[in-house]
Every structure is written in C-alpha cells, then in structure tokens.
Amino acid sequence: MEMSDSNEYMFKDANRRHANRKIWICGAVAIIVGFVIGILIGRFATCPEEKVVPKQDGTFLQGVSDSIIKDGDPKISEEILNGIRAENIREYLRDLTEYPHLAGTPADWEQADKLRKFWTDNGLDEVFISEYDVLLSYPNTTDEDNMNQIQIVDNSTGNIIYKSPLYEDILDESENKSNVVPPFNAYSKPGTVESDQLIYVNYGRVEDYTHLDSLNINVSGKIVIARYGKIFRGDKANLAYMHGAIGIILYSDPEDYAMGQTDTSQVYPHDWWLPASGVQRGTIFLRSGDPLTPGYPATETAYRLGEDEPEAGLPKIITHPVGYGVAEKILQQMTGDNVPLDWEGKVPNVTYRYGGQLTNSTWRVKMRISTANKRVKTYNVIGIIRGAIEPDRYILMGNHRDAWVFGAIDPSSGTAVMKEVSRVMGQLVKSNKWRPRRSIIFCSWGAEEYKLVGSVEWVEQYVKNLAERSLAYLNVDKALEGNFSLRALSTPLLYDVIFSATKKVLNPDSTDIHKTVYDKWKASFPKDSSDHHSVPRVSGIGAGSDYAPMVQMVGLPSCDIRYTFDHDKYQLSSDPLYHSKYETFKMVDQIMDRGFKHHQATARVWAEMARALSDTMVIPFDVVNFANELLSLVNTLDEDYGTMLRNQSIIFDDFKKVTDNLKAEAMAFKSRLRNVNKYNPLEIRRINDQLSLFERSFLDPQGLPGRPYARHILFAESKVNTYAGSSFPGLVDSLFQIEKDPDQKGRWNIVKKHFSVILFTIESATSTLRDVTKFMPVFNKDGS
Numbered sequence: 002m003e004m005s006d007s008n009e010y011m012f013k014d015a016n017r018r019h020a021n022r023k024i025w026i027c028g029a030v031a032i033i034v035g036f037v038i039g040i041l042i043g044r045f046a047t048c049p050e051e052k053v054v055p056k057q058d059g060t061f062l063q064g065v066s067d068s069i070i071k072d073g074d075p076k077i078s079e080e081i082l083n084g085i086r087a088e089n090i091r092e093y094l095r096d097l098t099e100y101p102h103l104a105g106t107p108a109d110w111e112q113a114d115k116l117r118k119f120w121t122d123n124g125l126d127e128v129f130i131s132e133y134d135v136l137l138s139y140p141n142t143t144d145e146d147n148m149n150q151i152q153i154v155d156n157s158t159g160n161i162i163y164k165s166p167l168y169e170d171i172l173d174e175s176e177n178k179s180n181v182v183p184p185f186n187a188y189s190k191p192g193t194v195e196s197d198q199l200i201y202v203n204y205g206r207v208e209d210y211t212h213l214d215s216l217n218i219n220v221s222g223k224i225v226i227a228r229y230g231k232i233f234r235g236d237k238a239n240l241a242y243m244h245g246a247i248g249i250i251l252y253s254d255p256e257d258y259a260m261g262q263t264d265t266s267q268v269y270p271h272d273w274w275l276p277a278s279g280v281q282r283g284t285i286f287l288r289s290g291d292p293l294t295p296g297y298p299a300t301e302t303a304y305r306l307g308e309d310e311p312e313a314g315l316p317k318i319i320t321h322p323v324g325y326g327v328a329e330k331i332l333q334q335m336t337g338d339n340v341p342l343d344w345e346g347k348v349p350n351v352t353y354r355y356g357g358q359l360t361n362s363t364w365r366v367k368m369r370i371s372t373a374n375k376r377v378k379t380y381n382v383i384g385i386i387r388g389a390i391e392p393d394r395y396i397l398m399g400n401h402r403d404a405w406v407f408g409a410i411d412p413s414s415g416t417a418v419m420k421e422v423s424r425v426m427g428q429l430v431k432s433n434k435w436r437p438r439r440s441i442i443f444c445s446w447g448a449e450e451y452k453l454v455g456s457v458e459w460v461e462q463y464v465k466n467l468a469e470r471s472l473a474y475l476n477v478d479k480a481l482e483g484n485f486s487l488r489a490l491s492t493p494l495l496y497d498v499i500f501s502a503t504k505k506v507l508n509p510d511s512t513d514i515h516k517t518v519y520d521k522w523k524a525s526f527p528k529d530s531s532d533h534h535s536v537p538r539v540s541g542i543g544a545g546s547d548y549a550p551m552v553q554m555v556g557l558p559s560c561d562i563r564y565t566f567d568h569d570k571y572q573l574s575s576d577p578l579y580h581s582k583y584e585t586f587k588m589v590d591q592i593m594d595r596g597f598k599h600h601q602a603t604a605r606v607w608a609e610m611a612r613a614l615s616d617t618m619v620i621p622f623d624v625v626n627f628a629n630e631l632l633s634l635v636n637t638l639d640e641d642y643g644t645m646l647r648n649q650s651i652i653f654d655d656f657k658k659v660t661d662n663l664k665a666e667a668m669a670f671k672s673r674l675r676n677v678n679k680y681n682p683l684e685i686r687r688i689n690d691q692l693s694l695f696e697r698s699f700l701d702p703q704g705l706p707g708r709p710y711a712r713h714i715l716f717a718e719s720k721v722n723t724y725a726g727s728s729f730p731g732l733v734d735s736l737f738q739i740e741k742d743p744d745q746k747g748r749w750n751i752v753k754k755h756f757s758v759i760l761f762t763i764e765s766a767t768s769t770l771r772d773v774t775k776f777m778p779v780f781n782k783d784g785s
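First residue of the sequence shown: 2, per this note's numbering; consecutive thereafter.
Rather than coming from a laboratory, the hints here were simulated on the basis of the structure.
Computed from a prediction, not measured in an experiment: that's the story for all the values here.
Backbone N, C-alpha and C define an ideal beta-carbon position, used for all residues, glycine too.
There may be inaccurate statements among the hints.
[Said to hold, decoys possible] Here are the simulated lysine to any residue pairs, SDA-like style, with alpha carbons at most 25 Å apart: (1) Lys505 - Pro75; (2) Lys720 - Asp641; (3) Lys753 - Val733; (4) Lys367 - Ile385; (5) Lys115 - Lys505.
[Unchecked claim] Label-pair distances were calculated between CB atoms; the ranges are: (6) Glu640 - Ser221: 48 to 58 Å; (7) Ser765 - Val677: 15 to 25 Å; (8) Ile514 - Glu145: 50 to 60 Å; (9) Glu145 - Lys317: 22 to 32 Å; (10) Glu308 - Asp641: 38 to 48 Å.
Construct the entire structure; sequences and hints are all you get.
So, in structure tokens, the structure goes:
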C-alpha cells in the first residue's frame, strides 16, 4: 500500500523532529558527562587521597565518634590545672607521713590498700595491687647489745672509749613515733670488724683513691671513713671493698648538708639544715630489683638464687652511716698528715687528716653490724583511666610510696601530688566531662628505696605488654627538694612536652618577676647561659629512681621533675634532711613550702604533660630534638676521647656520618608530619607507631659491656656513679682509666666492638624514621 503526499510529509516531519530530539538528548548527556568527568578530574588531580569529613551528627563512620580524628578538648587543660588544690595536697601529705612506712613492713600494705580505695572512690576505671616476694634488709631493733654501732675501744683493757648512739635524737615531738628504724645501710654485710687503722677517703670516689695511692696510703685491711655526696653510696662501699678495706663508715658532712652551719639554732627544727644527730639511711645494693631473681619477676613461683651467689650481687663489705656529731668524735682521734683544702669538710672542732693509727696507739675502731636480709612482701598499686580511642596505648605516671622513716620529702611529697592529680582526672572521668584519648596508668611503687625493687619487678613481669603499648613514663620521685625553681631529668623526645607544660603553669612565687614556671626555670638553669634565648637546661637520666627500668628495659621516653634549690647558692648533694627521720610533715609545712604552692606547681606541670601525651592525636615527640642532642653528645665525646679513639685506628668520622644521617632523616620525618592526613586514622597510627618505636630502637638486647640489664646505648647510669646519667655509657665506662688495664688489647677490643654496636644501633634507629616501605637505603655495588 502507498501513502498520500500529505501522509508522507507528516511522516518525514515526525522523523525530522525525532532526529532533532535525539541530537538534543545526546548533546545534553554529553554535556552532563563532560561536566561530571571534569569535576572528577579536577577533584582527583588536585587531591589524590580522599579525606573523609565527619558527619554532622559527630560520627566519623557508623558507630565511630569523630573524636578519632581530633585532638582532645583543649579546654580540659585549664579545667585540670584549676582543679588541682594546694590544700588537698597538704592534707594528703599530713596523712601519708603520720607514721613511718618502710618497705616490707605492715605499713607497706596499709598504705597500698588505702591508696587502692582512694583511686576506686575517685573514678579510676581499674585498680590493681601487685605483690612481690623480695629480699629486703633490716637492722636489729630488739637486742640493744647487738644493734648496729660504731665504737672506739681500748685494746689493752677492753673498755669502750666511745660508742655511737643507736637512734637519732628527738628534736621535735612530731618525730616521737614508734617504728622509727634506726640508721643503717641496707644490704650491708653483717658482722664485726675492728682495726687500729682508720683512713679518711674524702668522698670515696675513684679519684680519691688515686690521690691516696699517689701518697702510698693503702687502705687494705683497714676501716675507712667517707663523707656522703658526689656519688651513690653503693659505689662508695664497692670502691672501698675493691681497695681492700674491711669496713666503711659513711657520714654527712655539714659542708654538704648544712652549708657549714652547725649551731643548733641554725639547723632543724629551726631551718632545713641537717642537725648533728641526723643520719642518711640508704641502700648500698648496686644492681636494681630483687637480688635473688635478676631479670625475672619475684613471684611465688620464681627461681631464686642463694644470697652468696655472685649473680645476686649483694655487697661484701660492712657499712654503716652516722651523723656529723658522731663523725666529730671519730675524726678527732685520727692522726696523719693534714688533707688538702678540697678534702676538708666543716665538722666542728676537727682537723681533717688522712689517718692511720688513732691518737692513742692502743685504741681501735670497731664496727658492729647486725643488719640482716629477709624475704618479705612489697606492693605496687596500679590505677588505670582507660583511653577512649586508643586504650591500648599507655601514658605511665609513677612515684614510689615507701620511705626510710616519715619521708615527707622523699617520696611522700610526690605521693601527695599523685593523689591530687589522679583525683582531678578521675573525677572528670567519673562525671563524664572527659576521657583521655589514650590510657593513663598511675603507678605507686613499693620498695624503691632498696634499689627500685617494685618498679623493676613490675616491668620484668609485664615487659611484653609495656614494650608494645606504652608511650612515655613521667616520674615524680619527690615533688620538691627546694623552693627555687623546677628541674627536670629527661630523655630528649620529651623536652618539648616539658617546655610546653611549664609555659602553661604560673610561677608559684607570686613575688618573683618571672610569670611562669618555664620563665623561672629558664632564668635559673639555662642550657646556655650566654644565650638570652636559651631554653632551660634538662639533665640526663641515670638510675636514681623508677624511670631507670622504663628506659633500660622498655626503651620508654622518660623524665623526672621536681622543684629544687638554688644550685649556685647552695653547693649541696641533695636536700639536707634526705633519708633522715627529720623529713617530717611539720618541716615541709612550716619551712619548705608554706601554702604548698610549689607542690601544686609540680602537680600542674605533671598533669599537663600527661594530658598532652594522652590527648594529642599525633604523639608530641620531637625527633629533631633527639637528633640535635645526639649530635651534641657526639661532639662532646670527640672532645673528650676523639684523639684516643683515632690513635687506635677507630674511625670517628663514621660516628659523625651516622649521626648526620639521623639528623637528616629526623628533619625529613618532621617535614612529613606537617602534611599528614589527619582525617585518616590509619595514617595517624602509622606515624605514631614510628614515633613510639624510635626510642626503643636504641636498646641493645645484649646489654652494655659487662652490664646485661643496662641496654640503652645512649643513656644509662655511670658505672662509677649509679646516680648520675652518662652518655654513651658503655663506651665511656670502657674507656675509663683504660691506660691502667694490663690487658690493653682485650680492653681495646671491648671498646672497638661496642663502638661498632653504637654505629649499627644509630643506623637501625634511623631506619625507623624513613617511609615504612623505604626503610632500607639504596645499595649500589660501586659505592656511589
């Protein structure tokens, strides 16, 4: 069938309209597609990694809060600082020092249980008590005829010419309490020794014995007397033993503990200076932790060494401390040539002599020591605030609880501060006002005074957890030892954290021109006194408190803070009443810190450091600070030992090369931090893992030469002074008096081996800062 002309026209017109419609539709689609493609090209060309923006309802993903990609609420900082009350700290200290609380006694458990209840009541999520069965040491207190005593006896008649008092004098009614342990040195070898020769050895240091050797004065088979100060008392005892002495008497000289003031109106209880009867107790154990379970926790099932086994490391010399009142009676009986001026102290009515026979040729010095070792229980109390976002990352805050007597300064000033910080934080958690991003763990250690026993045993027991999960350890051994300025010991990663916290806290001395704790610290102890813009000085860490196992066994960035005295004005070895029974609440309340403002300032700095570390999304460690400090240490090492090392064909330039490489990688890492995608939780975790691994990378699992339990190649205690920190300790200790070693080849081989270990370890640590899939340097066979 055929169409008419009109129908054909209508058909062609319809086809034409249909074709036009197709063209328009296709054009529109093309435009839309092109527009979308353009958007996508522009989007991904300029931003290859998608940033997920939090939803309006405060969630990041389904069921996940957007706090995962944010720092904590900055307003919490002010709330914590304002919440810390000086009057609360004062009342805590009054309660803590009501009676003596020596480790391993009933007071150890009583205070632990009381703290457990306090933390539970104040909102901490978990509270645990860890019990350890450890070997501690105690003097005889039941048989006066056999209590520890120094005597001068007449050998011809057997008469006692002089005997030291068994206890310190009661100078204030606040000291008149039961269970005050008489003065003693923990772990002293028991027994009785006597000699017709008494030798004065000054501070009992290596250089002091070198001086005596130059004068042909031999201490072998004799009793020596040394003044406290300069080095750890355990090193004094050990050096005396190594030089053949049969006993050592330790005393506190007024020059070191009273600035020469000995008049009763100028010392305690009228001022903070040590009175004549004051005695410094303390351990002489050189290792750390329980002597019978080295390297492993002292649990019920632990294998224990015998006390006489060398690995236990118990002291082998009879040791006893006395006050300068007793020292006066003893030193007056000494003969021999006068000592040089720098060996003289300030004991009244005494001419300082090297010694030899006593003034009466028939008189002898006798040491009767009945101190005995005993297995007892001690307790750590661990309180935890669980982190909201990263509960498996820990910020540790530590203080020890045990004291030789009342311990109003050491350690209870720190314990009182810890209670207040934990109360404020716990109450914020309890009231749902705040929960930190990461977990905060409060650690109250037992038996620290016996050589870090509680903290070492706990780290030994939980080292696997701590090595994987802990980020930093913040210690306050005591909140203050003076009221002049803050002082800090720290590893370098925490420098900026300390500086930032101290800038937020007001100077507790409102009459001082310096506004903040930082300002006063910087003015009092500048790192570089010639530079007006210098940061405050931060000292190195040794083994004087519970940070030691954290650094040496876990590789944790660690610090210890406290208020201290004016070190330029007072040339003191410690606070004057240190470890005596005169460390009382009344002394602190009326002499050291009226109003407890310095305690409060320490608490605020400590709390702010913990808040910053627990609440800041990217851990606020500064690896460039660490690298700069390392470069400074290398330069110092070069100045002291560079020529000696080069003379042994040790290529010191290799040292500088690896540290320069570390500095370059640290700066590159810090640069990458500026561009990190903070909306990507996995990227944040990766960066934080690199930061947390960095300090651990400086541990040598084999330990330092001759010291398997000291593992940090950069920071550890000096082998000749356990209190003091030493840089490159394994190397420096191996070089110490190396020229006197008859086995020169063997000794230098130790140095060369450890030098290579240091180079490797620094290179290994450097690799942790590189991109996670580019941690190995490019290798070219031709060396280019």
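- For this structure, which hints from the list above don't hold up? 4, 5 and 6
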